[in-house]
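Trainee: Build the full structure now, drawing on both the sequences and the hints.
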Amino acid sequence: MIEFPWASAAIVIPLAGALLCGVMSARLAAVVASVSSALTAMAVAVLCWRVWNVGAFVESLGGWGAPLGIDLYADGVALLMVAMTTVVGVFITVFSLGYFRDAPDSERENSHSRGLYWSLWLVVWAAMHGIFLSSDLFNIYVCMEVVGIGSVALVAMAGSMALRAAMRYLLITLCGSLLYLLGVALIYGGWGMLDMQALGPVVEATLASEVALAAMALGLALKTALVPLHFWLPAAHANAPAPVSALLSALVVKASFYVLLRLWIDVFPAIDKAAAMMVLGVLGTVAIVWGSVQALRQNRLKMLVAYSTVAQLGYLFVAFAPASTVAGAGVAWHGVIYFAVAHGCAKGAMFLAAGAIAAALGDDDFSSMRGRGRHLAVPLVAFALAGIGLMGLPPSGGYTAKWLLLTAAARADQPVVAFVVTAGGLLAALYVFKVLYYAFARPVSGSGSDAGETGEVQAIPTTMMVAPLMLAIVAVLLGVWSAPPLHLLDIGLPFGEALGPGLKP
Amino acid sequence: MRALVDTTFWLPLAVVASSMLPGIFIFALREEQWRVRTLLNLAGAFLKLAFIAVMLFGVYVGVEYETRIPLVPGFDLVLAGSALSMFFVALSGVLWLITTIYAIGYLDIEGSWHRSRFFGFFSICVSATTGIALAGNFFTFIIFYELLTLATYPLVVHDGTPEAMRAGKIYLAYTLTGGALLMVAVVWLHGAVGPFDFQEGGVLSAFDEEHRHRFVPIFALIFVGLGVKAAIVPLHSWLPASMVAPAPVSALLHAVAVVKAGAYGIVRVMYDVFGIHYIAELGIGRWVAVAASVTIIYASLKALAQDSLKRRLAFSTVSQVSYILLGVAMIGPVAAVGGIVHLVHQGLMKITLFFCAGNIAETLGLRRISQLGGVGARMPWTMAAFTVASLAMIGVPPLAGFVSKWYLGMGAVQVGYYWVIAVLMASSALNAAYFLPIVYRAYYGAPERPWPRDERAGVLETRASLLGPTLATAGLVIVVGVMAASPYSPVAWVEIVIARIYPPA
Chain S
0 MIEFPWASAA IVIPLAGALL CGVMSARLAA VVASVSSALT AMAVAVLCWR
50 VWNVGAFVES LGGWGAPLGI DLYADGVALL MVAMTTVVGV FITVFSLGYF
100 RDAPDSEREN SHSRGLYWSL WLVVWAAMHG IFLSSDLFNI YVCMEVVGIG
150 SVALVAMAGS MALRAAMRYL LITLCGSLLY LLGVALIYGG WGMLDMQALG
200 PVVEATLASE VALAAMALGL ALKTALVPLH FWLPAAHANA PAPVSALLSA
250 LVVKASFYVL LRLWIDVFPA IDKAAAMMVL GVLGTVAIVW GSVQALRQNR
300 LKMLVAYSTV AQLGYLFVAF APASTVAGAG VAWHGVIYFA VAHGCAKGAM
350 FLAAGAIAAA LGDDDFSSMR GRGRHLAVPL VAFALAGIGL MGLPPSGGYT
400 AKWLLLTAAA RADQPVVAFV VTAGGLLAAL YVFKVLYYAF ARPVSGSGSD
450 AGETGEVQAI PTTMMVAPLM LAIVAVLLGV WSAPPLHLLD IGLPFGEALG
500 PGLKP
Chain Z
0 MRALVDTTFW LPLAVVASSM LPGIFIFALR EEQWRVRTLL NLAGAFLKLA
50 FIAVMLFGVY VGVEYETRIP LVPGFDLVLA GSALSMFFVA LSGVLWLITT
100 IYAIGYLDIE GSWHRSRFFG FFSICVSATT GIALAGNFFT FIIFYELLTL
150 ATYPLVVHDG TPEAMRAGKI YLAYTLTGGA LLMVAVVWLH GAVGPFDFQE
200 GGVLSAFDEE HRHRFVPIFA LIFVGLGVKA AIVPLHSWLP ASMVAPAPVS
250 ALLHAVAVVK AGAYGIVRVM YDVFGIHYIA ELGIGRWVAV AASVTIIYAS
300 LKALAQDSLK RRLAFSTVSQ VSYILLGVAM IGPVAAVGGI VHLVHQGLMK
350 ITLFFCAGNI AETLGLRRIS QLGGVGARMP WTMAAFTVAS LAMIGVPPLA
400 GFVSKWYLGM GAVQVGYYWV IAVLMASSAL NAAYFLPIVY RAYYGAPERP
450 WPRDERAGVL ETRASLLGPT LATAGLVIVV GVMAASPYSP VAWVEIVIAR
500 IYPPA
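So the sequence lines, in the order shown, correspond to chains S and Z. Take 0 as the starting number for the first sequence in numbering that gives the first Met the number 0 and just add one per residue. Take 0 as the starting number for the second sequence in numbering that gives the first Met the number 0 and just add one per residue.
Read the hints as simulated data drawn from the structure, not as lab findings. Among these hints, one or two may not hold up.
What the hints assert, rightly or not - In silico negatives: residues of chain Z with every beta carbon more than 12 Å from chain S:
| # | residue |
| --- | --- |
| 1 | 211 |
| 2 | 409 |
| 3 | 421 |
| 4 | 425 |
Said to hold, decoys possible - Short derived list, chain Z residues pointing at chain S, Cβ under 8 Å:
| # | residue |
| --- | --- |
| 5 | 141 |
| 6 | 153 |
| 7 | 169 |
| 8 | 171 |
| 9 | 187 |
| 10 | 332 |
Nothing here was measured: the structure is a model prediction, and the numbers come from that model. Glycine included, C-beta positions come from ideal geometry on N, C-alpha and C.
Mentor: Given below as structure tokens:
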């Protein structure tokens with residue numbers, strides 16, 4: 000059992016499912032997708048179990064190790080990201096079962112496109128696992144391209160409304176990938192290898208490596224939608240079909256951020272990045288404020304949630320400021336990863352809930368939510384639970400992450416960072432409660448007789464109710480059950496000594 | 000491994016969970032399932048009381064209860080039973096049972112609007128309050144403190160009217176900001192001195208040399224953060240606004256649980272984090288006493304100007320809760336007894352008054368003091384309870400409020416704070432000035448017939464489920480005053496608490 004290549008399995012299973020879905024009828028494709036989601040989850044569970052018990056390990060694809068072949072590297076941080084992807088992914092699959100089954104919307108009616116959806120979704124899922132588990136820079140590039148192109152196609156499935164957003168998203172993701180590829184080329188030219196673990200000790204601070212890092216960081220920041228490179232995100236994330244919105248906001252942006260983090264710490268330890276980290280910290284701050292303010296100004300639920308992603312991604316970069324100090328680095332990196340995981344679950348749940356609400360109401364305009372809160376109880380509860388995570392209030396994974404980020408700020412003696420992290424939570428409360436307002440407010444008197452205003456909502460499939468709620472509960476549980484994930488994170492000292500003693504007081 | 004049934008581990012958890020779990024189940028009930036709902040509510044309340052009774056006895060004979068669950072390295076979820084925390088737990092357990100009965104009767108009159116939601120959040124609020132009381136460190140305290148904030152919001156906006164929604168916004172603006180300040184202060188503190196648990200006698204004096212300059216600003220931040228919930232002027236405005244909530248909410252949460260959570264938190268910080276002698280050394284006590292005194296006088300003056308009965312009671316709460324802080328801040332054993340025992344005494348008196356206000360509003364539809372003429376004849380038992388509680392508030396012997404004020408006054412003399420006696424006298428005079436006119440009008444004023452509505456319940460003046468709890472708490476107001484010298488009175492328990500902090504010389 001130990002010999003079985005579980006890391007490869009986590010990539011191959013969804014990939015095989017995708018290929019099968021491509022040749023199936025829509026109905027069968029849904030079955031195949033469900034089965035491969037379940038099998039993927041099993042493989043990832045075994046993988047976690049193995050890393051937990053045995054420690055980090057290298058797995059060579061087809062038996063060919065680096066530098067000739069491709070290595071998969073499973074350590075704590077990679078595993079945690081894979082586990083998050085799988086948990087969110089399973090619920091996206093569950094949600095999609097209902098979402099694509101009935102309701103004759105333009106985006107769902109075509110049975111051919113339904114089969115296509117399952118294929119694309121599973122391919123993107125496999126490629127994300129590829130990104131998290133690869134230790135080969137070029138392999139990561141390939142996977143990122145697959146994720147990017149697949150995501151664009153998924154966004155475009157929403158129909159004419161989303162085409163413009165999808166086109167812009169395509170250009171952005173290609174630009175990002177090209178910048179990244181430029182960096183890969185420079186590194187390969189300079190040091191003749193691509194394995195991250197091997198590169199770390201040998202890459203020196205030369206002009207080539209600095210340009211490589213700058214190009215890759217720029218490309219990845221573009222893909223991660225760091226303000227001011229966020230302009231493409233809200234339209235793409237908000238106009239996509241609901242399960243795709245969740246996929247993009249919860250997972251895809253995390254994949255590019257993860258690569259950035261790995262490069263930053265594993266490949267380029269030799270380069271002095273303190274000034275750049277401060278710049279990233281400042282941009283993260285701007286992202287939190289700008290994203291939150293924009294979220295508050297939206298009239299559509301999904302746009303609000305999309306801008307909230309812009310704001311929340313800011314936290315990932317704010318943490319670079321305390322991470323630039325010796326005292327704060329360990330806690331800050333822990334906090335960042337935990338934040339990414341917590342946000343992944345919370346934002347996935349939130350977008351799924353928003354999708355359920357939109358499906359029940361026919362659109363996601365706030366004006367049509369008024370007075371119909373009591374018909375939307377389950378998705379609104381899911382939204383509220385996810386919102387607790389975004390606000391960083393206990394009990395939720397967001398709280399634990401924020402506690403770590405604040406601790407990092409305190410250790411690094413950066414009160415400004417503490418202020419930003421705290422104020423960001425309050426800003427999130429503003430836009431979360433803007434939505435929850437409709438859950439509690441009575442219908443406006445006078446319109447009570449108008450059936451269109453207060454009348455029933457469309458019934459939505461059970462899977463669309465259950466998936467966001469369960470995922471939101473996971474986001475909450477990450478706050479009361481945070482010791483195991485944090486322990487997993489430390490396995491293999493993913494970021495070297497920087498992470499090792501980090502959490503110990 | 001610990002034994003399967005290790006009561007010292009499970010009991011604190013059971014005290015919190017006994018209201019949390021029924022609350023979660025209640026959410027899932029349909030509106031018309033009132034029998035199951037009532038059963039769950041009462042079973043939870045009685046079970047909680049039983050757990051509390053066992054634990055109270057255990058703490059009395061010296062058993063050390065502690066639930067410890069690791070969450071983040073260095074920071075555990077700790078629920079521990081100390082003499083001080085049991086005092087607060089017992090108060091909330093007893094009053095929860097009484098208020099639950101009251102609320103069942105109250106909401107039946109009010110009609111059906113989200114009753115499952117109401118009782119669900121009500122139960123979670125009580126769990127959060129007991130969690131705050133039992134919290135063994137700051138990390139745990141904040142978790143339950145913020146949970147209380149979130150769970151109270153749906154109760155404040157329960158009616159869904161524009162006025163209620165506005166009150167909800169004010170409530171969130173104050174409490175979330177307060178919570179954020181608290182969190183920053185706590186993380187800052189832990190960043191400086193590392194993780195620690197609450198300890199009788201305090202912990203921080205050991206770090207005096209290195210961190211003294213930080214402790215005063217940290218205390219100030221914590222004081223402001225907790226002061227929001229404790230309704231210290233000028234952070235009190237949310238409380239009068241929240242009076243739009245249904246009567247049981249005002250009674251239990253806004254007279255007992257929420258405001259006490261703030262006051263109790265400050266007491267806990269002074270005793271178990273800083274240590275009262277270190278507070279004295281830092282010169283903080285005097286400032287807390289001044290803030291409390293300003294609040295006592297200012298809120299009493301504001302109360303005079305209110306015509307809405309509930310708003311007058313709310314300002315009275317603002318004023319009375321600061322007695323607790325005043326007593327503790329004088330830094331002397333006798334004054335401390337008066338302050339801490341007021342935690343219970345004020346709770347009993349104020350919950351009686353709010354029950355009475357709810358009875359009058361629900362039975363006769365009267366909410367303004369100017370309308371109360373003739374109520375004494377129509378509702379003799381309710382007004383008798385109101386009169387008892389009012390006299391107790393003013394400090395007439397031998398009622399509960401007199402006992403508190405007696406100890407406070409003696410304590411002030413003991414430590415030489417003679418100006419506090421002037422504050423107490425002024426406050427008593429003001430109490431009389433804003434309570435006696437209500438009583439006078441009810442008995443001697445001309446009735447404004449017809450009443451806006453007139454609900455009779457057989458021979459009783461109002462429903463038994465409303466009248467019973469009112470008379471019960473009024474009875475307790477008399478009993479704890481008359482029996483103050485007995486070994487089973489709140490005063491006796493507080494003397495145990497205080498004897499550990501100020502060992503008898």
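Trainee: Next step is simple, just say for each hint if it's right about the structure.
Mentor: Checked hints:
{"no.": "1", "hint": "211", "in the structure": "holds (17 Å)"}
{"no.": "2", "hint": "409", "in the structure": "holds (41 Å)"}
{"no.": "3", "hint": "421", "in the structure": "holds (40 Å)"}
{"no.": "4", "hint": "425", "in the structure": "holds (37 Å)"}
{"no.": "5", "hint": "141", "in the structure": "holds (6 Å)"}
{"no.": "6", "hint": "153", "in the structure": "holds (6 Å)"}
{"no.": "7", "hint": "169", "in the structure": "violated (12 Å)"}
{"no.": "8", "hint": "171", "in the structure": "holds (6 Å)"}
{"no.": "9", "hint": "187", "in the structure": "holds (5 Å)"}
{"no.": "10", "hint": "332", "in the structure": "violated (35 Å)"}
Checked against the numbered hints above, the structure violates hints 7 and 10; every other hint is satisfied.
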